[in-house]
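Engineer: Input sequences plus hints: build the corresponding full structure.
Chains as they are written, first to last, in my numbering: chain F, 1 to 663; chain A, 1 to 663.
I should point out that these hints are in silico values taken from the structure, not numbers from a laboratory.
The structure displayed is predicted, hence computed values, not measured ones.
Certain hints may be false.
Copies of one chain are not kept apart here, so a pair can be met inside one copy or by any two copies together.
[Stated by the list, open to error] With a straight-line Cα cutoff of 16 Å, these simulated EDC-like cross-link-like pairs (lysine to aspartate or glutamate) come out: (1) 555 - 627; (2) 266 - 627; (3) 634 - 591; (4) 537 - 11; (5) 660 - 288.
There are 2 protein chains.
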Amino acid sequence: MPTTETKTDLDQLCINTIRTLTIDAIQKANSGHPGLPLGMAPTAYVLWTKFLRHNPKNPHWFNRDRFVLSGGHGSMLIYSLLHLTGYESVSMDEIKQFRQYGSSTPGHPENHLTAGVEVTTGPLGAGTSNAVGLAIAEKHLAARYNKDDAKIVDNHVYAIVSDGDLQEGISGEASSLAGHLKLGNLTFLYDDNSITIDGSTELSFTENVLQRYEAYGWHTQIVNDGNNLEEIENAIIEAQKVTDKPSIIAVKTIIGFGLPKQGTSKAHSDAPGVDAVKEMKRNLGWDENAEFYVPDEVYAKYREAIPNGEKLENEWNELLKTYTEKYGEDFSNLINKNFPENWESFLPSFEGTEAKATRAYSGEVINAIADTIPNLIGGSADLTPSNNTTIKNSTDFEPNNYAGRNMHYGIREHAMGGIMNGIALYGGLIPFGGTFMTFSDYCRPAIRLASLSAAQTIFVFTHDSIGLGEDGPTHQSVEHLAALRAIPHLFVLRPADGPEVSEAWAIAINRKTAPTVLALSRQKVALIDRTKYSSAKGTQKGGYILAEASNNEPKVILIGTGSEIGLTLQAKDVLESDGIPTRVVSMPCTELFDEQSAKYRDSVLPNNVKTLAVEAGVSFGWHKYADDCVAVDKFGASAPAEVVFKEYGFTVENVVAKAKALL
Amino acid sequence: MPTTETKTDLDQLCINTIRTLTIDAIQKANSGHPGLPLGMAPTAYVLWTKFLRHNPKNPHWFNRDRFVLSGGHGSMLIYSLLHLTGYESVSMDEIKQFRQYGSSTPGHPENHLTAGVEVTTGPLGAGTSNAVGLAIAEKHLAARYNKDDAKIVDNHVYAIVSDGDLQEGISGEASSLAGHLKLGNLTFLYDDNSITIDGSTELSFTENVLQRYEAYGWHTQIVNDGNNLEEIENAIIEAQKVTDKPSIIAVKTIIGFGLPKQGTSKAHSDAPGVDAVKEMKRNLGWDENAEFYVPDEVYAKYREAIPNGEKLENEWNELLKTYTEKYGEDFSNLINKNFPENWESFLPSFEGTEAKATRAYSGEVINAIADTIPNLIGGSADLTPSNNTTIKNSTDFEPNNYAGRNMHYGIREHAMGGIMNGIALYGGLIPFGGTFMTFSDYCRPAIRLASLSAAQTIFVFTHDSIGLGEDGPTHQSVEHLAALRAIPHLFVLRPADGPEVSEAWAIAINRKTAPTVLALSRQKVALIDRTKYSSAKGTQKGGYILAEASNNEPKVILIGTGSEIGLTLQAKDVLESDGIPTRVVSMPCTELFDEQSAKYRDSVLPNNVKTLAVEAGVSFGWHKYADDCVAVDKFGASAPAEVVFKEYGFTVENVVAKAKALL
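Structural biologist: In structure tokens, the structure reads:
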């Protein structure tokens, strides 16, 4: 072995147990990524046995330190650690079921499957932004709820990050913001192994990473030997001393340490084969025939985490009890997102209001409920005045004011998404963040991960169509509603007026383990006379009959969403006057509509009535509900909104003509 | 005015003409972004009159320098420059039509609309990656085609970049790669005005930008006074002296220079109002009542570019003529993407081949045609061995070998997309780049821009479904085919076997002004017996009858794509044996199918025959063609591919049952 290791036999045994569990699981699964776990096992061992405050018997203990494995491909590292320290979520049987259907040990760590996994990682860079979000959540809650004599929120966030993570743009965005915010509760442990899938980092990644992190305002260190426990421990101690900066520690490691192909890209992934497994075990002084073997003393060492964790949680429970008694605040309501029973009564009814853009209504809703739902923490990717996301009764979240509820994410949409997911998965907080709908593309990987990882993240996407106007096709959403609707488990809500905006926010806030997209207009929408038409309560069913045909027997149905509802109502009037009974269905959320009973859906959209969908976006996806569409199946154009709408066929005449053509 | 300007009256007049044209256009349009053009007018003036080699009378002259306005919101800057230097694409009438329907002066610059605009910018960060792509293209063509005595490719790339550009992750990715690649032909002029939409950059962007660029390996400079022409000129001269590094020059400017609200976020965007326009003109010593006014001497100065440009192009034409005569290479064939007439004969027929993954067939196609289509330049975002993107008869594109045709983009999917667009829009080259289909989300904004800007960029997305297997739901595409199909003008091709892969590449390569996505399987696909079933030539129509029903009168139609075609053929056999005549339609490209005549489409998918779509992705979008779907309307799962397929209903039994249920 190239590196001299200076540590006790038990230390070495504990480290090599991670390595051998990893390689046995990967060999059995015949797939997986040994490179990171084998190289980073010593760092992880030091972190988990000397620093990480957690309670294996209660993975959800609120004040635990958060550990993020941003290089999620190294999942056997965290599964090994969870198993060894005594988490019930990862039994030895589950390790043997690594990467098999229905196991708690999937290819990449998934928080919704496996207790002890904080966030879902694998798509590179995501974990770095999640970690920043977890650190922000801690700072925010500490600033708002801690008392001088009762620091009920007080934990650290550690992330193991890889070369791939640090090449991805999202990590740069998130790290720049973390440096700006002086997040001293955040430590990155960088697996600096100089290897990626294509080969040496010399092929494409020769920048000075630590100098870059200095430029971001981080504290930086190098551990020259990733097998030297003292060096690792000292670096973490030094990092923790610096409380006004996040820290990154570049740990020089050998990818796939112990494997015959260690130090090469071939050690990154794939089962090495039985012979190589045996050779590795011999290299490590392990019994080459022992499989999935954990020496008793290794279990004993790691499982000191159990009594330690119980003690930590008990102390915290005591502290919380005192806190609650002394300060009269029930922090558990916040943690558990228990809202006041009457919270929805604070939602504006928008009766007798003037016509506004739905983004403006949204801003009013936010401010009407922000005091009642203290969980909310808002923000925008530098479009605050446009997205109407400011909580006016609060301040900016800044390094000198972590209690502020308004985040300035900067022009960093992707990081905003990932950070919001981290905030949401910290627990207790409900983040919402804004940008233009078109730039949902920039944070799309984070939207997907929000959905996969059951994070209550609320995306406030304004300027949601060609109605954006003069900024032109680079900024006009056309395909984005469809593209977002395609993401499983995500609700995309496109409300049509003030009352629907209130309902949409109610849905988003009550949806405690899933994300929601709010699609909002830049331009004013038509006032819908709710005394004449149905109540916006139908929003709760995703789609509803807004205006029934004159004789209750529609010959044609117009489905509209958002800013096009006004047009459908005008078209209905013309069609009715032409003797064609016409129903208008408002469909703010197709996904929610799909969840209704077949009976309900058929009552709204009977099979035997011709249906025309009217939406200022691509027709893609609408044929499930409609026979034809007034849609935008090309890119937009730079012009005043009303001109673009007209040129693109969003006129009463065209809707009427298309509806008639169906009959 | 806060800054003393030391320059000739004519210089000042030329600079202020940009400013006044800008403000007049914005005021007339009642929208737009004055902040950048007003602040950067002096820099742009110096660049365009002292450095930029271009020919206004031939915007497509191949060896011109490339100018990128990455902060595309400052579009009036480039429209002013194009107009003033004599480009016919931007007449004074077009400037007066700024941001109006059908004009050549849309809100953000669009290359496909306006000659002289190199790339479409506005979505922040995009332009930085395009600029890197343009610089790569120049280095590559120079290395491959220049001779010691005939440097026919020899130009520089300049980009004006904004705070927003440099906050976006994509710029970090692209800049890191540019530094690694030592692109000495690239200069960023950074509009360092300390203001973004939310307010001061102190709110979220306090990193040391130039230190970060040093870390990337760039040459960095500061111009302390963005109104000082000598300082600007000297910095550009210094930048050009450094030929082994890209350069960034931070130009300290005052946003919205001259406006009453200069130096604040309020000067970033929006028409300032008639009074403010007049005040600005007075501040600049301009006639406050003059609108859209260009002094004769200003035209005279700027339009020196016309004879200068003609001279440059004439000299180059002479050089090219000599080159062609001496070296016998017709470089214009490359520039114009004139392929040998018989090039398609080099496409493999894959007759009698073994079953392989479609990504493997794709790798074979690439290597079969790479010599015949020298325009191709390949690469991958660090998944080269998985994406099968290597041109084996070439080498890596690296700083010491710009002639290499294999790019190592690193783990930077978004930058890869933007860089490829830049390479494509440089002219002559056809870039293709690979990643996993799921990570198409990371480069989605670049895919959209490829489509909007008519760039022939080929995206090679492998591992295109749950068939990815053990890596699990974080890596398994589910919604991506649908989401990509939603993008206007983009072709998404999902071939089913070797012959369809060949056809798909033929489509992508012949599509010279539009991008294509190739969706390819990780896993082996079934061999389709093309002697028994139809030829893969039908791929050219997007969808075709692969296997006709036994009696030519189908009772049911199964539509399949890609790796699911094998399953549909098996299901057909069972259905036929159960007495149900069944047609199988292969539908590798719905967009191309939609372009066929109604008659053809009806012949393939008659209205009166029940149709079942079978695709390992979301059902979203399929109801346009099918009555029901065997689809994946949830996230995938970590397990061997065959297990996931079975658990998710991709079995002959399920397809048969679903087909029967339709009858």
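Engineer: For every hint, state whether the structure bears it out.
Structural biologist: Evaluation of the provided hints:
Only within a single protomer do residue 555 and residue 627 lie at most 16 Å apart by alpha-carbon distance; the minimum there is 13 Å, versus 23 Å between protomers. Taking the shortest Cα distances, residue 266 and residue 627 never come within 16 Å of each other, neither inside one copy (53 Å) nor across copies (47 Å). Only between protomers do residue 634 and residue 591 lie at most 16 Å apart by alpha-carbon distance; the minimum there is 12 Å, versus 24 Å within a single protomer. In the homo-oligomer, the alpha carbons of residue 537 and residue 11 never lie at most 16 Å apart, since the shortest distance is 62 Å inside one protomer and 64 Å across protomers.
Taking CA atoms no more than 16 Å apart as the test, residue 660 paired with residue 288 passes in neither setting, with 78 Å inside one copy and 55 Å between copies.
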